[in-house]
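K.L.:
Following the hints, position chain B against chain A.
2 protein chains.
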Amino acid sequence: MPELRKDPIVGRWVIISVERGKRPSDFASPSQKRKIAGFCPFCPGNEYTTPEEIMAFRTQEGKEGAEWTLRVVPNKFPALQIHGELDKTGEGLFDKMNGVGAHEVIIETSDHMSSLATMPLKGVEDVLWAYDLRINDLKKDPRLKYVLVFKNEGEAAGASLEHTHSQLIALPIVPKIVREEINASRHYYDMKERCIFCDVVDQESGDGRRVVCENEHYLAIAPFAPRAPFETWILPKEHESAFQPHGKSFAKLAEILQRVLKQLDKLLDVPPYNFMIHTSPFTDETNEYYHWHIEVMPKLTKIAGFEWGSGFYINPTPPEVAAKYMREAQI
Amino acid sequence: MPELRKDPIVGRWVIISVERGKRPSDFASPSQKRKIAGFCPFCPGNEYTTPEEIMAFRTQEGKEGAEWTLRVVPNKFPALQIHGELDKTGEGLFDKMNGVGAHEVIIETSDHMSSLATMPLKGVEDVLWAYDLRINDLKKDPRLKYVLVFKNEGEAAGASLEHTHSQLIALPIVPKIVREEINASRHYYDMKERCIFCDVVDQESGDGRRVVCENEHYLAIAPFAPRAPFETWILPKEHESAFQPHGKSFAKLAEILQRVLKQLDKLLDVPPYNFMIHTSPFTDETNEYYHWHIEVMPKLTKIAGFEWGSGFYINPTPPEVAAKYMREAQI
Numbered sequence: 005m006p007e008l009r010k011d012p013i014v015g016r017w018v019i020i021s022v023e024r025g026k027r028p029s030d031f032a033s034p035s036q037k038r039k040i041a042g043f044c045p046f047c048p049g050n051e052y053t054t055p056e057e058i059m060a061f062r063t064q065e066g067k068e069g070a071e072w073t074l075r076v077v078p079n080k081f082p083a084l085q086i087h088g089e090l091d092k093t094g095e096g097l098f099d100k101m102n103g104v105g106a107h108e109v110i111i112e113t114s115d116h117m118s119s120l121a122t123m124p125l126k127g128v129e130d131v132l133w134a135y136d137l138r139i140n141d142l143k144k145d146p147r148l149k150y151v152l153v154f155k156n157e158g159e160a161a162g163a164s165l166e167h168t169h170s171q172l173i174a175l176p177i178v179p180k181i182v183r184e185e186i187n188a189s190r191h192y193y194d195m196k197e198r199c200i201f202c203d204v205v206d207q208e209s210g211d212g213r214r215v216v217c218e219n220e221h222y223l224a225i226a227p228f229a230p231r232a233p234f235e236t237w238i239l240p241k242e243h244e245s246a247f248q249p250h251g252k253s254f255a256k257l258a259e260i261l262q263r264v265l266k267q268l269d270k271l272l273d274v275p276p277y278n279f280m281i282h283t284s285p286f287t288d289e290t291n292e293y294y295h296w297h298i299e300v301m302p303k304l305t306k307i308a309g310f311e312w313g314s315g316f317y318i319n320p321t322p323p324e325v326a327a328k329y330m331r332e333a334q335i
Numbered sequence: 005m006p007e008l009r010k011d012p013i014v015g016r017w018v019i020i021s022v023e024r025g026k027r028p029s030d031f032a033s034p035s036q037k038r039k040i041a042g043f044c045p046f047c048p049g050n051e052y053t054t055p056e057e058i059m060a061f062r063t064q065e066g067k068e069g070a071e072w073t074l075r076v077v078p079n080k081f082p083a084l085q086i087h088g089e090l091d092k093t094g095e096g097l098f099d100k101m102n103g104v105g106a107h108e109v110i111i112e113t114s115d116h117m118s119s120l121a122t123m124p125l126k127g128v129e130d131v132l133w134a135y136d137l138r139i140n141d142l143k144k145d146p147r148l149k150y151v152l153v154f155k156n157e158g159e160a161a162g163a164s165l166e167h168t169h170s171q172l173i174a175l176p177i178v179p180k181i182v183r184e185e186i187n188a189s190r191h192y193y194d195m196k197e198r199c200i201f202c203d204v205v206d207q208e209s210g211d212g213r214r215v216v217c218e219n220e221h222y223l224a225i226a227p228f229a230p231r232a233p234f235e236t237w238i239l240p241k242e243h244e245s246a247f248q249p250h251g252k253s254f255a256k257l258a259e260i261l262q263r264v265l266k267q268l269d270k271l272l273d274v275p276p277y278n279f280m281i282h283t284s285p286f287t288d289e290t291n292e293y294y295h296w297h298i299e300v301m302p303k304l305t306k307i308a309g310f311e312w313g314s315g316f317y318i319n320p321t322p323p324e325v326a327a328k329y330m331r332e333a334q335i
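As you go down the protein sequences, you meet chains A and B in turn. Reminder that position 15 of the first sequence reads as 19 in my numbering, one-by-one numbering, no gaps. Reminder that position 189 of the second sequence reads as 193 in my numbering, one-by-one numbering, no gaps.
Just chain A, same shape as in the assembly:
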């Protein structure tokens, strides 16, 4: 008998095929192993092909002309534009505003053959620092309410370039999914005086079946009602409402993120994936009810009419099975 499971935060139901759980080898996804293939605008020497650099890390910090190890540039085809007024207007029933915002690309390393799973750990830490610096800079713009940091790895997951990169989009409104999560978390807090994510961390740590891995400060789990096979969430163990270093370090977050990505690469032969950082909006960054986290979604199944029409997801791999495979992956 399949199982219907409800995400405790947003109330999304998923259908889990409990008996006929698909194993990692049942998914045929195009391997994202790096190839050297023609011209790459993100490789060293081709900096002139990107819009003007917003920031970079270099081998000799501060020294102009030193080799860069990470660059942040505006997206060449931005979804939103940084200049202009919001100009909110109505049109009968309808509401609209100008597409003011920022759309940036974080080129995570100068090495075309490297990925977040394979680069030195220090490189992953630098990527997290770049997210943090950019979020803190964009926060100063009073028109913006939210920054979504995300990564598309592989063409099937929406990446148009192979060279490893993430993106961020800064928005003048809080996106619907985040608003839903926040409203639901606030509602839970109003009832219980506790953060629902903290309760999930506690229950999952105690239960153990859905734990993928953990370290001193972070827990990685297969969520109870995952939308996709091998969906993995990384959460700080202690309550933190917005994305931030632990103390003054991203070392432990880099460690667990890279570990999860290595496990996925090992099990699913370098699959396409997306990850997204869910964090509190600028206007309410420090609060007791919302808990920032990273959601990693390997791209193994297709979104079809049923999902579009219902918001339901059909997941052929129970999270308990996925977590066990992940724990046992030899990386």
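Heads up, some of the hints might be wrong.
For each label pair, taking beta carbons as the anchor points, the in silico distance ranges come out as [to be verified]:
1) Arg38/B with Lys241/A: 49 to 59 Å
2) Met59/A with Thr54/B: 54 to 64 Å
3) Glu242/A with Asp206/B: 46 to 56 Å
Derived from the structure by calculation, the hints contain no laboratory data. Treat the numbers as computed from the prediction; the structure is a model and nothing was measured. Positions of the beta carbon are idealized from the N, C-alpha and C atoms, including for glycine.
P.N.:
Relative to chain A, chain B alone:
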């Protein structure tokens, strides 16, 4: 400047690239033109390969052994199972129940080379009658609350077989997207004593820029805040809360549905697509606030990290542009 637009019903924001609107020829999607390719379990002669028939239309109605023109069979790999108790249980914070429900396949014609866009109009009418009959039958099961009828056309849209078919999934809960639409419509009705979809029909008919086509009883529009290029909604012009024939006929609905699909095939070279029928739940089928409709979504763009993390969609073709192309398509 891109534009941010809000869907008036569920409050979903989308980013519309107003200036650099992509034309139909800018989308490279695999053509779904029919090929005869090996064994097809949905073709006449191979009926033994499907689970036992639930219903069929035949050339001589009622006559066993007459040739079938449409068949409904259980899905061979059902997401939900028809037998069993719901058995709702908690697991600490989490909620789950047995995956009780129905998952059926409507084989729309016996002709492998045909599609909903190319078959005789009478065939499309029959498909709509099959939906209606199956919904009315499943409604009798007190465990079930909703039937979602949907179609996946083409592999990129999630179809695993080429032979034209639709599916339905009957669910023991009202899905999240439907619940959101219904709650929002009820809220609007509470404020205005009017159905929001009726107001959309009125405004769009008067405005005209987003009208794709219409007939006596139905209106097809590119919605104001479409998630995808060439997304098209078909709505009854008069208020109807649940999917039903107009009077006692599906002739006019078949006509406009086939017209929209022909326009898409012409403009986008037989693209992969999904469609979903949004209708009221069984428990509240006749009401003043919800308005059933069909949403057609050509599969031209990819869902990536930004969409997953935000519920926002980036649409490179403004609906005014899409509707104009659709109106001018020579079909």
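K.L.:
Against this structure, judge whether each hint is valid.
P.N.:
Consistency of the hints with the structure:
Roughly 55 Å separates the CB atoms of Arg38/B and Lys241/A, a value that falls within the hinted 49 to 59 Å. At roughly 59 Å, the beta-carbon separation of Met59/A and Thr54/B lies within the given 54 to 64 Å, and the hint holds. For Glu242/A paired with Asp206/B, a C-beta distance near 53 Å keeps the hint of 46 to 56 Å intact.
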